[in-house]
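Novice: Dock chain A against chain B, hints included.
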Amino acid sequence: MEVIDLRPMLAPALSLACGIIVFLVGDRPFWRRFWSLSAATVKLVIVFSMLPGVLQGTVYRYSMIEFTPGIGLGFRVDALGMFFSLVSSTLWLITTFYAIGYMEHEHERARFFGFFALCVSTTVGIAFAENLLTLFLFYEMLTICTYPLVVHEETPEAMAAGRKYLVYTLIGGVFVLLGTAVTYQWAGTLSLAGRGILDISVGTQALTLLFVSFVIGFGVKAAIMPLHGWLPSAMVAPAPVSALLHAVAVVKAGAFGILRIVFCVFGVELLRDLGLGVWLAVAASVTIVTASLIALTQDNFKRRLAYSTISQLSYIVLGAALLTPLAALGAIVHIANQAFQKITMFFVAGAIQRTTGKTNIHEFAGIGFQMPYTMGAFTVAALGFIGVPLTAGFVSKWYLSLGAMESGDWIFVVVLITSSILNAAYWLPIIYMAFFKISPGTHLRIKEAPLLLLLPTLVCAVYVILLGSLAEVPGMPLSLARTAVEYFFGQ
Amino acid sequence: MAGGQWPAVLVISPLVGAALCLIVGRWAPRAVGYFALGVFTLVSVAAGFITYTVSAVGSFSYHMGGWQPPWGIELRFDEFSVSIAVICLVGWLALMFSLHYVNHAVPEPRIPYYYALFLLCLGGMNGFAVTGDVFNMFVFLEILSLSGYALVAITGERIAELAAFKYLVMGAVSSLTILFGIGFLYALTGSLNMTDIAQRLSSVEPFPTGVAVAALTLGFCVKAALFPLHVWLPDAHAIAPSPVSAVLSGLVVKIGVLGMLRMYQVLYSARTFDLGALNTALMWLGAISIVMGAFFAMVQEDIKMMLAYSTISNIGYIFMGLGLASTFGIIGATVHIFNHAIIKATLFLGAGALIYQTGYRDLRDLRGIAKAMPVTSACIAVGAVSIVGIPPTAGFLCKWYIALGAIEAGRIFFAITLLFGALLIFVYYIRMLNAFYFTPATHPHLLQVGEVPMTMLIPIVILAVLCLVMGIFGRIPLSFIEPAVIEMLAPVGG
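Line order of the protein sequences matches chains B and A.
Here the working numbering is used: the first residue of the first sequence is 3, the next is one more, and so on.
Here the working numbering is used: the first residue of the second sequence is 86, the next is one more, and so on.
Chain B with its partners taken away, still in its complex shape (with noise of 0.2 Å):
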């Protein structure tokens, strides 16, 4: 059932608002304060009033002014969208109030808050997009808005950092353009409504060139290796922009993009003619391992943190290009559960960072003493990635492995075990330095990271168990995503 709503476009609109009056009263700390948290919650209420409609199968719709007869922006919330705008939006409340904590003696504020908040927005605009031109839009959109955020130290690093993520996501973006071009002239809509607008008729060369031309660009984002360079060193950028980058947006907006060409673009029967599912998949699988591997070897926590990244995003794609119903369930599920282990991490790393200075892992003997607190929360998101039963992270594991079965290829699955397995030996050590390595002789006092640092990590901490152990109550993401996954497989 399709319902004509305002909440679609006012949830994006609204959050663009905000972040326009934060530049404005910048300069004032309370109502920069004020402001982005209304953008934030503000979205995340508007949003989750969608919720239960979405879950009883309504899709909200509006559509604004139209560009060229038949595509012009437009705005609806299916069950995807849904999943993904509510992962972005509550990470996004926490994040700020993180944010505030974390930004509290840092130069040009009303900038970062500003653009922040643009984010925000674009975000929830990519989520709703109602067809490929709208997805472009904030897409595009989303890349100019975070450029001010990596860049922020203003040190030759980070504009070089800031160059070089420019130069991956615009390319990225013309291929994504150019796609969007052929598939109208194509296609003639570029609706992201149905299950797959294009036609075996084209040509299958033709439609393999346009599906690889999405596939890099949207992967530039997706961080799908080799086009994964920018985001390492991306990691100058201040520890909730990291988080940001790295949980919500602008990875996830790829991963999703991905998502979305798979499902509503080619769809799930003409991949499956066309044979292509399998070297996605294939590519999704070696940059999962050698990712892990990456990981292994860098001792910059951040760093370590980055090519973690590039690693679980690949298990969203993973679970897209396996093409049968339980490993889109992994796969789209995980998009929450990545977003909150991986948040949880970067939210521990930039209050280490805060509290005592410390980047490198090598330094982190005994810091659990120290903040206690704080590397509890660490514990409970490695496990959730080592993929724990009782963690998020295991439940995307479980039902990735169990449609990589479906589908027949077994091999998936043992990229899913080592992967596990890298997994524990990249962040089982940095538990057992925390915990259990403390030079003789030194005395170690609690510490704790200022509580707006704090709370905000063990929040996300918390959530990570719950999306673990609660996963079937219904109304949880896993609902949402079975919701998406029934109507994209038709059933």
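No wet-lab data here; the hints were simulated from the structure.
Just so you know, not all the hints are guaranteed correct.
Straight-line distance between alpha carbons at most 25 Å, and here's what the computed SDA-like set of lysine to any residue pairs gives [to be verified]:
(1) B:K166 to A:V384
(2) A:K456 to B:F25
(3) A:K456 to B:E110
(4) B:K166 to A:R452
(5) A:K456 to B:A112
(6) A:K456 to B:I102
Only a predicted model underlies this, so the values are computations on that prediction, with no experimental measurement involved.
Specialist: Showing chain A alone in chain B's frame:
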């Protein structure tokens, strides 16, 4: 008659106003700017009424003095003539910007001349856009070109005079080739009226028509600064006072494009002449222009020089769209005539504001200026994002349509060139934004300068807002252009 007497007001009042400027200048030198602005407000009102009439009742023509064509002078108001709307908009804002700016940039005795020339130039463009007669077209072209040369030289700096001279030489040669082409058409058809020529051309041999077409194309391409005929542009546009740069870069080069469009209208409706070779040439030159313009701009440190080279890239877009000869391609090209005028005016006026306040024009000197002039810098940033074609700004529409047009015509290579060319453009705009926003100031005293006066700031803000609005409401210019393009291509089955 549709449109009343507004067409006559549109064409004649700037010419009369220009002459009066000199008289007013003698009596009250301080008031001459306001006088020119007043005259041009009248012109803009006329343009507004005409645009409204065209959108309400469709195209119409106006016969000067009541003489019937093909003997009398015909002013033709069709969808392409609606470019008077953008000419008046940008021209009016540039005039308003001039009120303060000229005192600073132009020697005082020359200020009345400045406004007179400015009105002549804008009036010439209006005339060019609406005339239905090829000889009048040439006359208006000369009016606007000559006033353009003089405006470049008006600051009296040595480099300015040199740049103006280079512009003059190239411009004069191109005017001659255009005149040659027009003469040729007259010899072949015995008529100067465009509709008439189109009818009579169908019975003319293709070869002599080809000579005329070649001469006209060459001339218009110089006026439009298509690579490799662009050499006059960077110096002239960079040296001129900023409001003049905005008009030259945003509007005057488009006159060359508009000339091409008029020629295409005639040729398409004459049907006899095969445009395949010409289209291919324009497409390639357009593609090369995009890339070369971007490469030249990348190495510039002077902010206005950079903007000038980026005009060459953008002209490349427009010619590529024209050459593709598919519906979407030509729509993209015509939409970009409008949007680029607005975007480039934003950037040039913004750059003018920076130069006015700081006295520097080098990117290295302007570092950190965003802290001192936040509004101007934000407007420049909007313009920069827009000219690169990041959605949802005005520049995106043209990229989207021309890419669609290239795919429609089966030439995906050109779509790729276009989209990657746009990225190259971003390389140098991001350098500018980095310098303004993210680097510490080279000259700390610049941080105290503050914003420009309101008469300068308001035009910049209006234009920057339009850069955003035209992207979101891109359907408005489109509703004019789309039927016109479809009608134009109809005879060849495009």
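Novice: All the hints need checking, so say for each whether the structure fits it.
Specialist: Hints and how they fare:
1. Simply put, K166 of chain B and V384 of chain A have alpha-carbon atoms about 19 Å apart, close enough for the 25 Å limit, and the pair holds.
2. In summary, the hint linking K456 of chain A to F25 of chain B is supported, as the alpha carbons are separated by about 13 Å, within the 25 Å threshold.
3. Between the alpha carbons of K456 of chain A and E110 of chain B the distance comes to roughly 10 Å, so the proposed pair stays at or under 25 Å and holds.
4. Between K166 of chain B and R452 of chain A the alpha-carbon distance is near 21 Å, which keeps this suggested pair within the 25 Å criterion.
5. Taken as a hint, the K456 of chain A and A112 of chain B pair is honoured in the structure, with Cα atoms around 12 Å apart against an allowance of 25 Å.
6. With a C-alpha separation of about 22 Å, the suggested pair K456 of chain A and I102 of chain B falls inside the 25 Å cut-off, and the hint holds.
Of the numbered hints listed earlier, not one is contradicted by the structure.
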